[in-house]
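*Asks:* The residues making up each chain are set out below.
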Amino acid sequence: MTMSTSPNRDDASQHRRQAPAPTPPTRPIRELVLFGGLAAIVLGVFAMMGPAYATRMLVEAACYAILALGLTIQWGYAGQFNAGIMGFVALGGFSATFFSIPVNHDFWASDLPWRLGGVLLAIVAAIALVWAVCRVDRLGVPKLLRTLLAVVVGLVAYLVVVSWLREVTGDIQSQVDFVGGLGLPVWLGWIVGGALAGGVGYLIGHICLGLRSDYLVIATLGIAEIIKAFLKNSDWLTRGTATISPLPWPVPDPGAVGFVTARALYLSVTVIMIAVIFFLLHRAYHAPWGRMIRAIRDNEVSAAAMGKSINRRRQEIFVFGCILMGLGGAALTSFTGIFDPQGYLPLNHTFLVLVMVILGGPGNNLGTLFGAVLVYVIWIMSGPLALAVMHGVTALGAHWFDWQPGNLDSRALQARVFVIGLLILLVLRFAPGGLIPEKVKHHD
Amino acid sequence: MNELIYFFNYVVVAGSVTGCIYAMGAVGVTLIYSILRFAHFAHADMMTLGAFVVLLLTMLFPHAGDALGLPTAIVMLPIGMVFTSLVAVGIDRAFYQPLRTHKVKPIVMVIASLGVTLMLQGLIRLFAGTGAQSLYVDARKEIFRLEVPGITRPIILTEPQVILFVVTIAAVVGLHLFLTRSRLGKAMRAMSDNPDLARASGINTRLIITLTWVIAGSLATLAGTLLSLDVAFKPDLSFFLLLPIFAAAIVGGVGHPFGAIAGGFLVGFAETLAVFNWSVLLRPIRDSLPDWLALPANLALVGTEYKIVVPFFILIAVLIWRPTGIFKGKVI
Numbered sequence: 001m002t003m004s005t006s007p008n009r010d011d012a013s014q015h016r017r018q019a020p021a022p023t024p025p026t027r028p029i030r031e032l033v034l035f036g037g038l039a040a041i042v043l044g045v046f047a048m049m050g051p052a053y054a055t056r057m058l059v060e061a062a063c064y065a066i067l068a069l070g071l072t073i074q075w076g077y078a079g080q081f082n083a084g085i086m087g088f089v090a091l092g093g094f095s096a097t098f099f100s101i102p103v104n105h106d107f108w109a110s111d112l113p114w115r116l117g118g119v120l121l122a123i124v125a126a127i128a129l130v131w132a133v134c135r136v137d138r139l140g141v142p143k144l145l146r147t148l149l150a151v152v153v154g155l156v157a158y159l160v161v162v163s164w165l166r167e168v169t170g171d172i173q174s175q176v177d178f179v180g181g182l183g184l185p186v187w188l189g190w191i192v193g194g195a196l197a198g199g200v201g202y203l204i205g206h207i208c209l210g211l212r213s214d215y216l217v218i219a220t221l222g223i224a225e226i227i228k229a230f231l232k233n234s235d236w237l238t239r240g241t242a243t244i245s246p247l248p249w250p251v252p253d254p255g256a257v258g259f260v261t262a263r264a265l266y267l268s269v270t271v272i273m274i275a276v277i278f279f280l281l282h283r284a285y286h287a288p289w290g291r292m293i294r295a296i297r298d299n300e301v302s303a304a305a306m307g308k309s310i311n312r313r314r315q316e317i318f319v320f321g322c323i324l325m326g327l328g329g330a331a332l333t334s335f336t337g338i339f340d341p342q343g344y345l346p347l348n349h350t351f352l353v354l355v356m357v358i359l360g361g362p363g364n365n366l367g368t369l370f371g372a373v374l375v376y377v378i379w380i381m382s383g384p385l386a387l388a389v390m391h392g393v394t395a396l397g398a399h400w401f402d403w404q405p406g407n408l409d410s411r412a413l414q415a416r417v418f419v420i421g422l423l424i425l426l427v428l429r430f431a432p433g434g435l436i437p438e439k440v441k442h443h444d
Numbered sequence: 001m002n003e004l005i006y007f008f009n010y011v012v013v014a015g016s017v018t019g020c021i022y023a024m025g026a027v028g029v030t031l032i033y034s035i036l037r038f039a040h041f042a043h044a045d046m047m048t049l050g051a052f053v054v055l056l057l058t059m060l061f062p063h064a065g066d067a068l069g070l071p072t073a074i075v076m077l078p079i080g081m082v083f084t085s086l087v088a089v090g091i092d093r094a095f096y097q098p099l100r101t102h103k104v105k106p107i108v109m110v111i112a113s114l115g116v117t118l119m120l121q122g123l124i125r126l127f128a129g130t131g132a133q134s135l136y137v138d139a140r141k142e143i144f145r146l147e148v149p150g151i152t153r154p155i156i157l158t159e160p161q162v163i164l165f166v167v168t169i170a171a172v173v174g175l176h177l178f179l180t181r182s183r184l185g186k187a188m189r190a191m192s193d194n195p196d197l198a199r200a201s202g203i204n205t206r207l208i209i210t211l212t213w214v215i216a217g218s219l220a221t222l223a224g225t226l227l228s229l230d231v232a233f234k235p236d237l238s239f240f241l242l243l244p245i246f247a248a249a250i251v252g253g254v255g256h257p258f259g260a261i262a263g264g265f266l267v268g269f270a271e272t273l274a275v276f277n278w279s280v281l282l283r284p285i286r287d288s289l290p291d292w293l294a295l296p297a298n299l300a301l302v303g304t305e306y307k308i309v310v311p312f313f314i315l316i317a318v319l320i321w322r323p324t325g326i327f328k329g330k331v332i
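Quick note, the sequences are listed as chains A and B, same order.
If you're matching positions, the first sequence starts at 1 in the working numbering and goes up one per residue.
If you're matching positions, the second sequence starts at 1 in the working numbering and goes up one per residue.
Simulated from the structure, these hints should not be mistaken for laboratory data.
Owing to the predicted nature of the structure, the values given are computational and were not obtained by experimental measurement.
Be careful, since some hints might not be right.
Stated by the list, open to error - As a list, the in silico SDA-like pairs of lysine to any residue whose alpha-carbon atoms are at most 25 angstroms apart:
no.	chain 1	residue 1	chain 2	residue 2
1	B	Lys307	A	Pro437
2	B	Lys105	A	Pro437
3	B	Lys307	A	Trp400
4	B	Lys307	A	Gln342
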């Protein structure tokens, strides 16, 4: 069990070479009990709500598990917190939608694709122009003048390009409704969704990872809202609030083989994805790379002193996490069958995942999976429960104080927000390692 | 000249209003940061909570302000401030202090503050519903129209806006005097500079922390109430405030109260200028422009629906070019 050391660390870790024989592995009683309990709960849902409902719940829980694995490598492995999971989920969902829905022939038959392409080229040209102006100081132009020039050129180019874009998108909307999809297989959309999310993660990470970790939280929170605002308001691309449905599945859809079979097939696809991700993460965690990541998390200064490139590693892990989030978001959106940008909520797609990870055990893949399924089952079941409790309370309130609140159902669902918040605080306070904590190996 | 008045009404006044709100929020964030060393994400929800308490009080006593000639909400402000401060101190004692004594990393405190955010949001929506409500219960908002001689269009100011400007100036001057003249304020600055040294020299750090929450809670109530008075109370108010407030605090240099005020106005004006339709201002010269330079009808930098991009862009720009903020904040 000695740590395999790279040659340049030999001197520093010489004493570890004589580590005593590894302690016999203890039986994973805690894991067995917890997973047994979880299985009992899931079986209970099967018995009470029927297989169609329960398989739907399991598929959604599986998609959330992918999101949670994405967060657990960012927060658990590397200590980088991401508060904008919603944005990456929405990006993945958009990509899945855009690739899989049928082609809009009206759009491609008109001259609009050429005009849209022209505007996109103009955007590229504008960026190139601004970039070139930023370099003009190499020709001997004073720096102040260069900055001034760059700002003015950037502003004018932006205004011109945006007015063209507005014109074209307005025409697309009025003539052909929206651009439609590409009519390609869904899985391609999922992969591109992951790549898109990873790309955005790269940009954000590039800016924020060298700074305090608080800044990353603010920036991810902001980018998530911006992605949502973009998807919601770009009617020409996503139909905005009009929503797109139905979305094709990578497996036969319920119309062909029935609800339960179709959902079970979908479930098997997501489970295979989880299994592959889990295997890869397990290997990565125990590889030298994983040790390096944990060393950076636990003691940044000494990791830097060992010659590790802290920001590069953080960047890697942040991008990996975002890719998983995009992938999970794509799978989730395809399963839901409707692309509704307004349906992406910070509570459902950011904070729920956060609770899954910190309750299950950040940095422990098994714990994260456990947390994802458990929290999702509780979350789904808490809706009816909250409604029942609220009805009971108001019945009492009306009886005693003549209290008549309006829009009861939406209020009851808000009570769950409170519970999620309280849960986060309680876990942080009393079980910082989660239910199945990360096992840190110690070498004496 | 009409265009200039239009510009004044829609940019100078609107920008100052947003700037005042952001400034008061950002001062709270930056004070908490300099004393407790973490980014307090629940701050925008404390603003909503303060506004909500004032709304409840106003609904209970709708005519309390008539005797003084002020909106009832303003009369209820001190009570709301006291209540929100108590809640803030209580949250600190119940949730943040145990984590502090465990010496967790700052990022864990940030996650805890996200938990507090959710709790406050849940509570407020549970009791307030999700709709918007006016803080003028049983009363009308007064609108002042100042006629400028020779121009048809008047300068428009509303009662809440005037109150907002007065209160902001009073709060800033009061904070300045407190931080520079009073013993406690000096102790607070000492603690923000070096907590260990402050403790060693006999400063009661627990008292300072309580005081920080009281100031932050009071400012949050002021900002939240005055914003709701100007527009309307919405339970999801905090959501639109969080990013601009943090952008303001970071632009001004984290841990730098007066920087936060400058940052608040910068972000507020940037937002207003970015969504302002500039073609209105250019209307007088439109006819004399050559054909190839026809002005589009909409010359705003960003649409109103993308307003949130502005503080984000400012935040990113500051993080790239000057992570310490324009006034050189301390810890990065």
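*Asks:* Now look at each hint and say whether the structure bears it out.
*Replies:* Hints, verified against the model:
1. B:Lys307 <-> A:Pro437: Violated. Lysine 307 of chain B to proline 437 of chain A sits at ~42 angstroms, over the 25 angstroms cutoff.
2. B:Lys105 <-> A:Pro437: holds, 18 angstroms
3. B:Lys307 <-> A:Trp400: violated, 46 angstroms
4. B:Lys307 <-> A:Gln342: Satisfied, since the Cα-Cα distance of roughly 17 angstroms is no more than 25 angstroms.
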